[in-house]
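Q: Below are the chains, spelled out letter by letter.
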Amino acid sequence: MNINKHPNLEDLLKVKKAEQPDDIFWEKFDRDLQEKTLQTFIEQEPWYHNVGNLVSQYARSATMATGLVLLMGVALFLNISLDRTNTMSDMKSQDDSQGIVQGMVGSEEFSDYAVVANDTLEKDYAVEVISIKGTSETHDFEADAISVAIGNTADYSDASVYASSDNLRNSKQFTQLASFAF
Amino acid sequence: MKISKTIANEFISDAKKAVGDAVVSDRDLDWAIVQRVQNGEVSAFNQLVQKYRQSLFSIIYNMTGNREDATDIAQDVFIKAFQSIKQFRGQSSFYTWLYRIAVNSSITFIKRAKKQRFINYETIDETLVSSEILEYFTAKTKTEKGALLKELQEKLNEALQKLSPKHRIVVILHEVEGMNHKEIADITKTSEGTVRSRLHYAKKMLQAFLQEYVG
Chain A
1 MNINKHPNLE
11 DLLKVKKAEQ
21 PDDIFWEKFD
31 RDLQEKTLQT
41 FIEQEPWYHN
51 VGNLVSQYAR
61 SATMATGLVL
71 LMGVALFLNI
81 SLDRTNTMSD
91 MKSQDDSQGI
101 VQGMVGSEEF
111 SDYAVVANDT
121 LEKDYAVEVI
131 SIKGTSETHD
141 FEADAISVAI
151 GNTADYSDAS
161 VYASSDNLRN
171 SKQFTQLASF
181 AF
Chain B
1 MKISKTIANE
11 FISDAKKAVG
21 DAVVSDRDLD
31 WAIVQRVQNG
41 EVSAFNQLVQ
51 KYRQSLFSII
61 YNMTGNREDA
71 TDIAQDVFIK
81 AFQSIKQFRG
91 QSSFYTWLYR
101 IAVNSSITFI
111 KRAKKQRFIN
121 YETIDETLVS
131 SEILEYFTAK
141 TKTEKGALLK
151 ELQEKLNEAL
161 QKLSPKHRIV
171 VILHEVEGMN
181 HKEIADITKT
191 SEGTVRSRLH
201 YAKKMLQAFL
211 QEYVG
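Chains as they are written, first to last, in my numbering: chain A, 1 to 182; chain B, 1 to 215.
Hints listed in this document are in silico derivations from the structure and should not be mistaken for laboratory results.
Values in this document were obtained by computation on a predicted structure and should not be read as measured data.
Just the calculated beta-carbon pair ranges, DEER-fashion: (1) A:T40 / B:K204: 37 to 47 Å; (2) A:A59 / B:I79: 28 to 38 Å; (3) B:G193 / A:Q34: 35 to 45 Å; (4) A:D30 / B:S84: 18 to 28 Å.
Just so it is clear, CB atoms sit at the ideal spot from N, CA and C, and this is done for glycine as well.
Construct the entire structure; sequences and hints are all you get.
A: Pasting the structure below:
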């Protein structure tokens, strides 16, 4: 290029090529690049590693969930089996007790409460039943007492009356009251 | 593209080991190294770094106009290339692929850092500047060589930064790095026609910005 001639753009742009870093810069560049590369690989695992981790994490959760469900299933199954065994034995003992109750119901004393005894009535209730039946029998004695009073006013002894009834011991007071009334 | 003799010889001997004694092109040399890296010889990647770091840094530096930013981006580009090297199939030359990453990274950076950029220039190696240009300007402006170079550097960078990134990259790759239209088209993923058109427009703009220095 003639120094008297004006440089053109291409000549001028060649100055840009002279802008070059020195060796110290490149040493630092290489060192930093190595550090950055290491950092990148420590901090960020490849995407397929992340996917792998994610899958294994899900698999672990799924396994745990499945295990839990299986455990619950087994527990439930065992519980049902135990319940069934207990139910069977309960039913057996219930049948036995029912047999006893029904046996009692079959007798004359339990005839009025046979329907109740079929379901849940136990031996203890039989005592109660007996007491109820006794109350109803008390009312029957009233008629006997009246007939005694009407039929034989001269004879106040209670011997003949007791002879014709089963429970005249309780009706002595009623007989005396009736004789005052007539 | 300038490569030091020692590095070039090292690559050739390595490539001959890999490819055999047949005549090998620069592209084949790179492909042989890439294959070694792909096969697990990670340290071989350093040869590619040593071979391309200077021109890669130059492209990024001229794109960003900042030394520190260019350093960071260049290092990131090498890391990206290393991370994705398994995906490189050798359909294009390695440097086309590498420079494409560099160009895309630079443009992304420029777009992001549009409002917060500051200028931090690289030092000029006086021995590399044409003595004729220096003589012309020192004679004309009567200024000292160092000061003149500093002024030229500032004006050139200012002018380049006024261009849009897509025009700037074409000028840098063609005028500074000495690539042909086909290579630039491959790197920028455009047609050769587009490259010519952008180059013409960019030069016209630069001529206008630097009219006091150019004839």
